[in-house]
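K.L.:
This is what each chain is made of:
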Amino acid sequence: MRLVNIPKEKYNDYRLDVMFDCYKWDPQFLDNNTIAKYALVITEEEHKELEELTEKIDKETIEAEEFINKNLKIAKPLALPKKITNELKRMKNYDSTKHIRLMRYDFHPTKENKWAVSEVNSDVPGGFAESSLMPQVAINAIGETNFYYKNFGDILAEAISKKVIPGGKIIMVHCTCYSDDRQVMQFLGDKLKSMGFNIIYGAADHLKFENNIAYSVLDGNEGKVDGIVRFTPLEWLKDIKPKTWDGYFDTITPSCNHPVAIFAQTKRFPLIWDELEKNGIKLETWRKLLPETIEVKDAKNKEGFIFKPACGRVGEKISIKEACRDNEFEEILKDVKKHPKEYLAQKKFISKPVIDEEGNEFHVCLGSYTVDGKHGGYYARIASSPRIDSNAADIPVLIERSI
Amino acid sequence: MTGKEVYKIWAPFECKWADWVRPVPFVQIDDEDFKIYRNGNFDIPKINYLNELKEDTAIIVDLPEHYSINEGIALSRLGYRPIPVFNGTAQTKGARATVDNHAVESGLIFGGIELQKIELKQDAPPVFLTDSNRLNRYKLDISIFDNSWDLYHQDLPSAEYFLKNGIDKVIVRGNKFNKDLKKILYRHQEKGMKIYFTEGYEEPKEVKLKQIKEAKN
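Chains A and B, in that order, are what the protein sequence lines are. The working numbering numbers the first residue of the first sequence as 1 and each following residue consecutively. The working numbering numbers the first residue of the second sequence as 1001 and each following residue consecutively.
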C-alpha cells in the first residue's frame, strides 16, 4: 500500500473535478481540506487478500444477523434502543433474497503488518461517489495506465436492478436538510435514473406502508414505490413523530438496507459472539480481525482499551486520547460513566501509517464494501491522527496491476 | 456559464478563504430543472454599517435569498472577499418545499459577473454569505419536502484559524442573529474573538453569546 501524489500542478483542477463530477459537495470540514492530495494504491495481492477477507467476514455477518432475527432473545446484550427493540419482531417475514444487502467493513493496516477491522457500517454506509467516480478522475490526473479500480456504484446499481422491477419507482430516503446526505443519494439516484428507474428523493416520513408495501406521500410524487434506498440511520428513524417508520421493519418492498442491518450496526455486536458460536454460527474471520471487545465495566482495570459508542458514526466519541480535541476526551469518559450500556470497550490497535514522499505520515481507514455477499469496491480516508473522523480526507483507492 | 465556471469566479485557486466556498448551489446550476430567476437587474446596496475595509474583521451576511449576494458584492467593493456558504439542496421535481434554494443560484451567476469586475487582494478578509431563509422549517403537512438547512461549525473557519490569520472580530449582519450562527460563534467568542451584530442601519454592536446546548439525537 502506498501513496501516489496527484501532480501538484493538477491538484486544483482535480479538486474541482471531484466536487463537480464526483458529487463531493463537502470538500472542506472546518479548517481541513477533505480531498486528499494523493491516491491510495494497493497491490493486486493486497486487493485479493482484502477481497477474500471481506467476503468471508460478510458471510459470517449475514449468517449471524439472520440467526439473531430468528432468535431475538439473544439480542438483549446489544442494548438496542427500546423503540427499535419493540419493532424487531416485525422482521419475521425478512427474506434476504428480496432485499439488497450493502455493508462496508473498515480495515486498517497495523504495526504488526496485519489487518484490523474497526467496525462494519452495516446500516447506511456512505462514500458511494468517492468509491465510484473519484478513482477514474485520479487515474486521469496521475496519467498512470497500470492502475485500475473496482467501481462500487456499478456493482450496487446492478444489484438493485436485479431486485426492483424495470423502470420502477425508487425512493432515495435521506435527511433532506443535509447536503452531505443528498450527495450520496444524488450520485446513486442519477445512476439508477440513467438505467431507466424513476427516482424520487424524500425523507423517511415520506413513506407510508399498507399491507407491507411502501407508498410515497411526497407532494407531487404520491403512489406505490418499487424500491427503497435508505440513507437515514435506523437510530434516527426511531425519533420521527408521528410514528410512521415501523413499516420499514416488515416491508416487502425491496430495501437497501432492510432494518435487519441493526444487529451488526451496533458496535456491541461482538458482545453476543460467544452465544452465537454456541449455536453454530462461525465467526472466525471476525475474531481474527476485530480487536477484543468487552463491556465497559469489564475494562475497568485493564490496560490498552478505548471506549466506542454503540451507535457511533464517522469516528465520533471514540476515546483515543491523542486524537481528541480540547476537553473532548474528558467529556467522552464522563458520558461513558453515565451511560455504560451505550458504549463498549475495545482493545486499541496500533495503526501503521503510510508515508508520503516528503515523510509525512497518514493513518488509513480502508473501507471494503460488500453487496449481496460479494466484494463491491473500496472507500478510503486518511488522516494525520489515528482516529479517522470527519476531519479526515477522502482518497481514491487504485489497484496496481502485477507485472 | 456552467456551475463550475461560476464557482471558479467565487473561489479562485490559491485565494485565502476560497476553500470554504460550498459547491452545492453551483452544482445545481447544471441541473436540468435550473431556471434563471431574473434578467440582469443586480442591485448593489449601500453599506451603512462599515465605511472601509477592516483587515482584522470577518463579516457574515445572513439575509434572505440573493440579498446576501448583493450585499456581498457591495462589501467586495470595500475590499472583502465574498465567500458563499449556501448549502441547501433542491426538492424532488413536483414537490413543494420549505425553502426555495434555487433563489440564490441566479444571484451567484449575476453576482459573479459583478465580482469579475472587482480586483481583490489574494488575502482579502472574508465576508461569508448565507441565506436566512434556510431556517424556514414550517411544513404545511407531512408531504412537503423539508430542504431547510443549518450552518454548522464545520462550515466556517475555526477561531484558531481566524486568529492565526489576523482576524479577531466577526460582524454578523442580518435581520436577526440566528440560532445556528450563535451556536457556531459562541465557540469563537470562547477562544477570544469579539462578535458583533448589526441589522444594517446602525454601527455593529458587540454581543455576548451564551452557550446553546446541542439537542440529543
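These are calculated hints, taken from the structure and not from any lab test. We treat Cβ as the ideally placed atom computed from N, Cα and C, and that holds for glycine. Be aware that one or more of the hints could be misleading.
Unchecked claim - If we take Cβ atoms under 8 Å as the criterion, some of the chain B residues that face chain A in the derived model are: (1) Lys1004; (2) Phe1013; (3) Asp1019; (4) Asn1087; (5) Arg1096; (6) Asn1133; (7) Phe1145; (8) Asp1146; (9) Gln1154; (10) Asn1165.
K.L.:
Would you settle whether the hint for Gln1154(B) is holds or violated, based on the nearest Cβ-Cβ distance to chain A being less than 8 Å?
P.N.:
5 Å, holds
K.L.:
Holds or violated: is there a CB of chain A closer than 8 Å to the CB of Asn1133(B)?
P.N.:
Interface hint status for Asn1133(B): violated (13 Å vs cutoff 8 Å).
K.L.:
Minimum Cβ distance from Phe1013(B) to chain A below 8 Å?
P.N.:
This hint holds: Phe1013(B) lies near chain A, its Cβ roughly 4 Å from the closest one there, short of 8 Å.
K.L.:
Hold the hint about Lys1004(B) up to the distance rule: shortest CB distance to chain A must be less than 8 Å.
P.N.:
5 Å, holds
K.L.:
Grab the minimum C-beta distance from Asn1165(B) to chain A and call the hint holds if it beats 8 Å, violated otherwise.
P.N.:
10 Å, violated
K.L.:
Under 8 Å is the threshold here; is the Cβ of Arg1096(B) close enough to any Cβ of chain A for the hint to stand?
P.N.:
5 Å, holds
K.L.:
Any CB of chain A closer than 8 Å to the CB of Phe1145(B)?
P.N.:
6 Å, holds
K.L.:
At a threshold of 8 Å, is the proposed contact between Asn1087(B) and chain A supported by beta-carbon distances?
P.N.:
With Cβ-Cβ at 5 Å, under 8 Å, it holds.
K.L.:
Identify whether the interface hint at Asp1019(B) stands, where standing means a beta carbon of chain A within less than 8 Å of its own.
P.N.:
5 Å, holds
K.L.:
Please check whether Asp1146(B) passes as an interface residue: C-beta within 8 Å of a C-beta belonging to chain A.
P.N.:
Holds - the Cβ of Asp1146(B) comes within 8 Å of chain A, reaching about 5 Å at its closest.
Comparing the model with each numbered hint stated earlier shows that hints 6 and 10 do not hold.
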